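Undergrad: Here are the chains, one letter per residue:
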Amino acid sequence: MKKSIYEKNIEALKKHSMRTVNYIEDKKKQFETDREAGPVLDDKETFAEKGMFEDIEIEVEPSYEGTPIFRVKKDGVRVYLNGRRDPNAIPRLWADKFDQLPRTTPILMFGIGNGSFLTEVDKKARDDVKIYIHEPSLKIFLKCIEEIDLSHIFENREIVISLDDNTSYEEIASIVSGCINIANLEFTKRYILPGYISLYPGEVKKYLEIIRKPMDREITNQATTASFSNIISGSLLYNAMYLPDCNTTYQLANVIPRDIPAIIVAAGPSLDKNIKDLKRAKGKAFIIAADTAMRPLLKEGIVPDMFAVVDPAKPLELVEVPGAENIPLVTSVYSSQKILAFHTGKKFFFDEGVTFINKLFEERNIDFKNLTCGGSVATLAFSLAYVLGIDRIILIGQDLALSGNKDHASGTAPGEESFRDLSEEEAKKKKDFWTQHGFVDGEIDTTGFIMVPGNVEEMVPTKSNLKMYLNWYEDQIKGCKGYRPDLKVINATEGGARIEGTDVMTLNEAIDEYCGREVDIKSLIDNIPPAFVKEGREKVVDRLHNIEPEFRKIADNALKQIAVYKKIDNIAKSKGIPMNEYRKLLVKLEKLSKEMLKIPMYQLVDDSLVDARLILQKELLLEEDSILEEAKEISRKGLIYMKLVNECALLLADVAKASISNVK
Amino acid sequence: MSEVDMLKFVTELNNRITLLCEKYVVMNRADLVADVKAILPDVQKFAMWFLEAKDIGVSEAEKQIMDNNVLLMIKDINEALEFSDSALMYDALECGVAQYLRLFLPEGK
Chain A
1 MKKSIYEKNI EALKKHSMRT VNYIEDKKKQ FETDREAGPV LDDKETFAEK
51 GMFEDIEIEV EPSYEGTPIF RVKKDGVRVY LNGRRDPNAI PRLWADKFDQ
101 LPRTTPILMF GIGNGSFLTE VDKKARDDVK IYIHEPSLKI FLKCIEEIDL
151 SHIFENREIV ISLDDNTSYE EIASIVSGCI NIANLEFTKR YILPGYISLY
201 PGEVKKYLEI IRKPMDREIT NQATTASFSN IISGSLLYNA MYLPDCNTTY
251 QLANVIPRDI PAIIVAAGPS LDKNIKDLKR AKGKAFIIAA DTAMRPLLKE
301 GIVPDMFAVV DPAKPLELVE VPGAENIPLV TSVYSSQKIL AFHTGKKFFF
351 DEGVTFINKL FEERNIDFKN LTCGGSVATL AFSLAYVLGI DRIILIGQDL
401 ALSGNKDHAS GTAPGEESFR DLSEEEAKKK KDFWTQHGFV DGEIDTTGFI
451 MVPGNVEEMV PTKSNLKMYL NWYEDQIKGC KGYRPDLKVI NATEGGARIE
501 GTDVMTLNEA IDEYCGREVD IKSLIDNIPP AFVKEGREKV VDRLHNIEPE
551 FRKIADNALK QIAVYKKIDN IAKSKGIPMN EYRKLLVKLE KLSKEMLKIP
601 MYQLVDDSLV DARLILQKEL LLEEDSILEE AKEISRKGLI YMKLVNECAL
651 LLADVAKASI SNVK
Chain B
665 MSEVDMLKFV TELNNRITLL CEKYVVMNRA DLVADVKAIL PDVQKFAMWF
715 LEAKDIGVSE AEKQIMDNNV LLMIKDINEA LEFSDSALMY DALECGVAQY
765 LRLFLPEGK
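These protein sequence lines map, in sequence, to chains A and B. First residue of the first sequence? That's 1 in this note's numbering, and the numbers climb one at a time after it. First residue of the second sequence? That's 665 in this note's numbering, and the numbers climb one at a time after it.
One should not assume that every hint holds.
Restricting the straight-line Cα-Cα distance to at most 25 Å, the calculated cross-link-like pairs of lysine-lysine (DSS-like) are [claimed, not checked]:
1) A:Lys205 x B:Lys687
2) A:Lys74 x B:Lys739
3) A:Lys73 x B:Lys739
4) A:Lys189 x B:Lys701
5) B:Lys701 x A:Lys73
6) A:Lys481 x A:Lys284
7) A:Lys189 x A:Lys124
8) A:Lys97 x B:Lys687
9) A:Lys463 x A:Lys478
10) A:Lys567 x A:Lys553
11) A:Lys206 x B:Lys687
12) B:Lys687 x A:Lys124
13) A:Lys3 x A:Lys14
Sample of chain B residues at the chain A side, in silico, Cβ under 8 Å [what the hints assert, rightly or not]:
14) Ser748
15) Ala751
16) Tyr754
17) Cys759
It is worth saying that the hints were derived from the structure and are not from the lab. All values derive from a computational prediction rather than experimental measurement. Even glycine gets a Cβ: it sits at the ideal position worked out from N, Cα and C.
Okay, chain A solo, but in the shape it has when bound (with noise of 0.2 Å):
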């Protein structure tokens, strides 16, 4: 019996989009039960009615040249998805460079529509860039997999479908930042189809930020990786040296109770108006501070229980204040150095994807767990309160805007009488370095800020990449909660930006409510034992002496490819290409690449080189018209990279040796 189009269809979706295909099925059966047990119900705010009496209408119409067209009411307002006398004129604008896509483009689609689109870029693009369908309609969804065969294209490419019914938007942020990469970022492909801004504006919106968050992020980590990369590595290297010495977050959960609330102290500028109320809550919750806050903070008395540390270009004057030195620090092995070398006390690292430091603990079976940064220390200090099990967390300081035109609290760069015995120029020089790191001295003038929503105020202005994290916290306390429900987060900032899901108020009602139990928190981390101990602190010592002689190895390697890249550039420049010698060459390449990557510390030498990296990356994905000109391409941009690879591992060697070669 023929297969209907709906049939073929989903037959078809079987092969690539089978969760999909379920989420269909399983509608439709409830659709039928439903259906059979009596009468439509009014009232559809029940899920499983949703989907199917979505209450639009989808009429079939044949365009002008005869070809099946949706108009689709809903809500009063009544839209074709095409035209009637080109139906596809749109879609073969949009898709008329597809065939210049580079490998993996991922191409991002609100709507299905009548399937038009899908089939222009069917025609045009290559097999292996990627569709991701976002479909707001599910009646939309399935009249168009009855009325029209797309099963051929649902058979031979790989379509992510998302509809609104059972994709949730964080699912497609997640959908859509797997996909994106900065090498295929500029070529990435974002369309909305006709007519669905008219009948889904909110979705429409909802959907373009949410996949503008993972293109942002994407955007300011190679950013941020490229500006700090001359010193990430420089950073690493310096602060290996405390490995052998260290402990790890993970400890802290042992012995950290669950049952106090962590209170996080960020350095916002409402910290001026409660950090006083905070010697109240010392000795009865886990106080950890970002490192700007601790200036203040000391100076008021209060010392906390930890303190933490992220930014590799952060001074050393931020902290450099008696007492802040033996304070148990959590850290970021990229931190300043200049910082961790001032501070004596224990210092607690986590995973962060280095390869050959997650190898020294995974060879001694120590457990060694990561923590989602966030770009900040606050945000990671929240982190680390969350893994650590503790249900309460308080929120200061934490204003993620401008209070009073102001985006710090007094005190957290040198004041005025820190300058007082200077020359004017050397004073001149100390303001200016504080206001490139970000501490503006004065008020800000802040026309043309972004402005939201505030805890006390109605709108408060903020900035960027503040912006960013407040973001980042929502989405955060957001998934934490899905994961954890007895989870509280609250906001005792006292000002600032509103953080949706924090319970707001002030820090003294907060420690009424939460702070009962006192504990002292010092002796139980004071009594926490390094990581690696006797036998282990020997093996890691060995290991950190090995760095250096891999360097070199890099070094050497990368000398080796230079050699194999100039014999290809002397054959390309040859009229005819012997291709064997051709072939040859390239299988040598590929084993001696091979070992390259195989040696750990070639990690540290790639992400050194992030925008060479970022350029080769990009060529990669287009390709070359004839062989000679892909030999002439491999060549050029191969004898680039392996210059810079070379000369890289040999000034890390440099440092290697200055550093960690002499570790005891």
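Once you've looked at the hints, dock chain B against the given chain A.
TA: Relative to chain A, chain B alone:
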């Protein structure tokens, strides 16, 4: 209207429609219906002129078909206006009116 004036009118109207439709396609969130309101009187003017034109170099039967098409374009434009339907408006203008305008432009335009 003289032939020269007509050519100028048709050229300008074609350019305006092309620009607005390009904006709609490229920007993907533009509201074409809101954007085209300003040019609609000229679109109607062209349509009236076309319907009244006697000798445009086609047979009577072909002219009849084209007249019907023009009436359909106006009908679609009005419908698109009524329902703020940008997809229908694009189709009526770019795939309808603009195609007829271009019949009167010198070759190559």
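Undergrad: With a cut-off of 25 Å on the C-alpha distance, tell me whether Lys481 (chain A) and Lys284 (chain A) pass.
TA: holds, 24 Å
Undergrad: Lys463 (chain A) and Lys478 (chain A) were given as a pair; does the straight-line alpha-carbon distance stay at or below 25 Å?
TA: The given pair, whose Cα atoms are some 23 Å apart, holds under the 25 Å limit.
Undergrad: Measure nothing beyond the straight line between the CA atoms of Lys73 (chain A) and Lys739 (chain B); if it is 25 Å or shorter, mark the hint as holding.
TA: Distance ~19 Å between Lys73 (chain A) and Lys739 (chain B) Cα, so the pair holds.
Undergrad: Does the interface hint hold: is Ser748 (chain B) within less than 8 Å of chain A, judged Cβ to Cβ?
TA: Given a least distance of 6 Å, the restraint on Ser748 (chain B) holds.
Undergrad: Next pair to validate is Lys97 (chain A) with Lys687 (chain B); report whether the Cα-Cα distance is within 25 Å.
TA: holds, 17 Å
Undergrad: Would you mind confirming whether the straight-line C-alpha gap from Lys74 (chain A) to Lys739 (chain B) stays at or under 25 Å?
TA: holds, 22 Å
Undergrad: Let me know if the C-beta of Tyr754 (chain B) comes in closer than 8 Å to any C-beta of chain A, holds or violated.
TA: Holds. Min distance 6 Å.
Undergrad: Quickly compare the C-alpha distance for Lys701 (chain B) and Lys73 (chain A) to 25 Å and report which way the hint goes.
TA: Distance ~23 Å between Lys701 (chain B) and Lys73 (chain A) Cα, so the pair holds.
Undergrad: Verify the proposed pairing of Lys206 (chain A) with Lys687 (chain B), using a straight-line Cα cut of 25 Å.
TA: holds, 23 Å
Undergrad: For the hint on Cys759 (chain B), just tell me whether its beta-carbon gets within less than 8 Å of chain A.
TA: holds, 4 Å
Undergrad: Please verify whether Lys189 (chain A) and Lys701 (chain B) have alpha carbons no more than 25 Å apart.
TA: The given pair, whose Cα atoms are some 30 Å apart, is violated under the 25 Å limit.
Undergrad: Are Lys189 (chain A) and Lys124 (chain A) close enough, with their CA atoms no more than 25 Å apart?
TA: OK: Lys189 (chain A) and Lys124 (chain A) at ~14 Å, within 25 Å.
Checked against the numbered hints listed earlier, the structure breaks hint 4 alone; every other hint is satisfied.
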